[in-house]
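Colleague: Spelled out, the chains give:
2 protein chains.
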Amino acid sequence: MVGDSSVPRRVRLPARVVGARSPCAKVSPVNVGILGGTGPLGRGLALRLAAAGTAVTVGSRDPARAAAVAAEIVAAWPDRTLAIAGAGNPAAADADVVVMATPWEAAVPTVAEIAGHLRGKVVVCVANALVREGSDMLALIPPRGSVAASVAAAAPDALVAAAGHHLPAHALAKLDRPLVADVLVCSDHRVATETTMALVARIPGLRPLDAGGLASAAAIEAFTAVLVGLNIRYRAHSTLGLSGLDGNSRVPARTEVPLP
Amino acid sequence: MVGDSSVPRRVRLPARVVGARSPCAKVSPVNVGILGGTGPLGRGLALRLAAAGTAVTVGSRDPARAAAVAAEIVAAWPDRTLAIAGAGNPAAADADVVVMATPWEAAVPTVAEIAGHLRGKVVVCVANALVREGSDMLALIPPRGSVAASVAAAAPDALVAAAGHHLPAHALAKLDRPLVADVLVCSDHRVATETTMALVARIPGLRPLDAGGLASAAAIEAFTAVLVGLNIRYRAHSTLGLSGLDGNSRVPARTEVPLP
Numbered sequence: 001m002v003g004d005s006s007v008p009r010r011v012r013l014p015a016r017v018v019g020a021r022s023p024c025a026k027v028s029p030v031n032v033g034i035l036g037g038t039g040p041l042g043r044g045l046a047l048r049l050a051a052a053g054t055a056v057t058v059g060s061r062d063p064a065r066a067a068a069v070a071a072e073i074v075a076a077w078p079d080r081t082l083a084i085a086g087a088g089n090p091a092a093a094d095a096d097v098v099v100m101a102t103p104w105e106a107a108v109p110t111v112a113e114i115a116g117h118l119r120g121k122v123v124v125c126v127a128n129a130l131v132r133e134g135s136d137m138l139a140l141i142p143p144r145g146s147v148a149a150s151v152a153a154a155a156p157d158a159l160v161a162a163a164g165h166h167l168p169a170h171a172l173a174k175l176d177r178p179l180v181a182d183v184l185v186c187s188d189h190r191v192a193t194e195t196t197m198a199l200v201a202r203i204p205g206l207r208p209l210d211a212g213g214l215a216s217a218a219a220i221e222a223f224t225a226v227l228v229g230l231n232i233r234y235r236a237h238s239t240l241g242l243s244g245l246d247g248n249s250r251v252p253a254r255t256e257v258p259l260p
Numbered sequence: 001m002v003g004d005s006s007v008p009r010r011v012r013l014p015a016r017v018v019g020a021r022s023p024c025a026k027v028s029p030v031n032v033g034i035l036g037g038t039g040p041l042g043r044g045l046a047l048r049l050a051a052a053g054t055a056v057t058v059g060s061r062d063p064a065r066a067a068a069v070a071a072e073i074v075a076a077w078p079d080r081t082l083a084i085a086g087a088g089n090p091a092a093a094d095a096d097v098v099v100m101a102t103p104w105e106a107a108v109p110t111v112a113e114i115a116g117h118l119r120g121k122v123v124v125c126v127a128n129a130l131v132r133e134g135s136d137m138l139a140l141i142p143p144r145g146s147v148a149a150s151v152a153a154a155a156p157d158a159l160v161a162a163a164g165h166h167l168p169a170h171a172l173a174k175l176d177r178p179l180v181a182d183v184l185v186c187s188d189h190r191v192a193t194e195t196t197m198a199l200v201a202r203i204p205g206l207r208p209l210d211a212g213g214l215a216s217a218a219a220i221e222a223f224t225a226v227l228v229g230l231n232i233r234y235r236a237h238s239t240l241g242l243s244g245l246d247g248n249s250r251v252p253a254r255t256e257v258p259l260p
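Going line by line, the protein sequences match chains A and B.
Reminder that position 60 of the first sequence reads as 60 in the working numbering, one-by-one numbering, no gaps.
Reminder that position 171 of the second sequence reads as 171 in the working numbering, one-by-one numbering, no gaps.
Chain A on its own, in the form it takes in the complex (with noise of 0.2 Å):
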């Protein structure tokens, strides 16, 4: 399990979520809620980030059925310390920060049914509306361009960032294998984009790139369809790694990849 000390300087998350009372104090885990998270990159990303000490709360529209996905992942890795609990999705959206896992088509139903609950919080969206034509994969482009945008339509109090729509979740899953990838982030909301970042850069072998304001968001999430594409085509399990950036002080350092 990789504690605290592995979260770099640099992306430390901002001391309005954390509750840290200047740019030197020590950051504490934040407590993440994955709505939809029974699915698999929902799965994925609770796992990685429970062992990277974050308390994580899996969310569905069926609490037995989250408190079962959770206790399922927690029961994988008897030799991991894993703070993983299953709510409903209004439960899980009181965590400290959000993440939407749904299903693209469930994304703003969920979100515009607790938008109370999200007032003032950072939500990461991670959902990408793909559908498989023939042997291609076609990105869907909703009306406001991405579905971070559509959720932040329905939710707009919150700080919603888009992140990890390229990270395979069969990778996630296995969390004795090393995990090498880029994680665009893109948010109209610095804080969203900060945290959003720091809580990526915990997983160890993760890179997170500010990718710039939400309006990224539709050509990040489109571009999932060619990598799933990739996959199909060439059956293989492809992660976005941009070459270019590597010992240039200004990108966020990537942490240690832990070997099996």
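It is worth saying that the hints were derived from the structure and are not from the lab.
From a predicted model like this one, the values you see are computed outputs, not experimental measurements.
One thing to keep in mind: the hints can contain errors.
Pair ranges (Cβ atoms, derived) [said to hold, decoys possible]:
#1 B:GLU105 x A:ALA253: 50 to 58 Å
#2 B:ASP94 x A:VAL180: 40 to 48 Å
#3 B:VAL180 x A:ALA68: 41 to 49 Å
Ideal placement from N, C-alpha and C gives every residue a C-beta, glycine not left out.
Model the placement of chain B on the given structure of chain A, informed by the hints.
Modeller: For chain B alone, coordinates are given in the frame of chain A:
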């Protein structure tokens, strides 16, 4: 200079295009015309393709300017044998394979004017519709989803592919520096995908990847804005590299990268 032997056997140019008589015939260098080839990406592609033994015609609305740019590229690398000529766009479009490298606003008018030259021909669209908004790059979404789809509509008898959007022009221009990148290729015509992948594979360090039908061009083009935005934000020169594909026998090989 990299000769024919560097062309991987598995990504051979289709017989129809290069005039080979059987699947085992040796691949001949194909002649490439680059419309709007006087811009940074066009120049870089001309240089790298010519260095790989391909005859290139740099096209421009102004034939004299095209000739001057071609001469300038050749003069910059006196130790190399570079077959680069300049011509007007219609003459450049008479090449075996045509690359569309004009600014995006000029792509459709340019193609519409010379659609007759493009009949039955592979046309590789590398144009992106991008605009800078403050510190962000924004991808403009053309009415048909991508510049490539607009080009295909303007030249319905051409075999349009989209590729090369994520290649950094500055890196292409540095022939003495290794360049390692993945190049996503998409098209609705199998021969266009194969021809484009074979051309890409000629350039050392590049790995062509089949990214599906031309519908993928929308996400591929838009994603360029994200990469350019990262470069601005981090003062870096990022290029696309996908992990998880290496070692998969279905993935085309990357040609050897020469050291400086």
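Colleague: Would you mind marking each hint as holding or not holding in the structure?
Modeller: Tested hints:
{"no.": "1", "hint": "B:GLU105 x A:ALA253: 50 to 58 Å", "in the structure": "40 Å, violated"}
{"no.": "2", "hint": "B:ASP94 x A:VAL180: 40 to 48 Å", "in the structure": "46 Å, holds"}
{"no.": "3", "hint": "B:VAL180 x A:ALA68: 41 to 49 Å", "in the structure": "45 Å, holds"}
Figure legend: structure checked against the earlier numbered hints; the only hint not met is number 1.
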